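Starting from the known structure of chain P, fit chain R onto it as the hints suggest.
Residues per chain, in single letters:
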Amino acid sequence: GAGVSQSPSNKVTEKGKDVELRCDPISGHTALYWYRQSLGQGLEFLIYFQGNSAPDKSGLPSDRFSAERTGGSVSTLTIQRTQQEDSAVYLCASSLAYGLAEYTQYFGPGTRLTVL
Amino acid sequence: DQQVKQNSPSLSVQEGRISILNCDYTNSMFDYFLWYKKYPAEGPTFLISISSIKDKNEDGRFTVFLNKSAKHLSLHIVPSQPGDSAVYFCAATGGATNKLIFGTGTLLAVQP
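Chains as they are written, first to last, in the numbering used here: chain P, -7 to 108; chain R, 3 to 114.
Chain P with its partners taken away, still in its complex shape (with noise of 0.2 Å):
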């Protein structure tokens, strides 16, 4: 079946824009993540969600980033008034569940934002 699908791929922006980063789970999945990965970094982790609901924003880096579930099924990462070190591949995963540790994650392939 089809995988977590995420768009677009590439984003190149300007200092200051707003972006939209859309993320298709695997379907069926009610648990969705977004992650980042920083240039030499590790995976970092953004906002899950269960469901529409958000119960875990932590990984949230600042105010300007914000995220949302619609229909149990696609989300969407919005990044406000965009600055360089935003620049990042931010990457999707979906699980069957949440709560047991058990419900392997698989990610979809990234987006990679470029802030100038």
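Simulated from the structure, these hints should not be mistaken for laboratory data.
Everything numeric in this text was worked out from a predicted model, so none of it was measured.
Ideal Cβ placement from N, Cα and C applies to all residues, glycine included.
Fair warning: there could be bad hints in the mix.
Short derived list, chain P residues pointing at chain R, Cβ under 7 Å [stated by the list, open to error]: (1) Gly34; (2) Phe37; (3) Ala80; (4) Leu83; (5) Thr96; (6) Pro101; (7) Gly102.
Same frame as chain P, now just chain R:
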């Protein structure tokens, strides 16, 4: 502070030999550990996992060992193949959340 550490940024191994990738963690609340493999321009792919109630898990050529007292885990690949060349990330989770905490990765190069 880095809760999951992969101290070797890179590793080079000959085809057919064993690859050993290491990972250390500091948070005693972690109770589930995973290894992901990542090729350039692709998302991480799940490889193998281990629960803290076990000390070994094997899947084909891949074996993960967990030493809880040392807060150390390792991934063994035997025999190594050129197609195994990728970045390997160690990840951990536990406590009230199953968000993954990742290490910085080890680039494995398997030489033909």
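Structure-based check of all given hints:
no., hint, in the structure
1, Gly34, "holds (4 Å)"
2, Phe37, "holds (4 Å)"
3, Ala80, "violated (13 Å)"
4, Leu83, "holds (6 Å)"
5, Thr96, "holds (5 Å)"
6, Pro101, "holds (5 Å)"
7, Gly102, "holds (5 Å)"
Of the hints listed earlier, the one the structure fails to meet is number 3.
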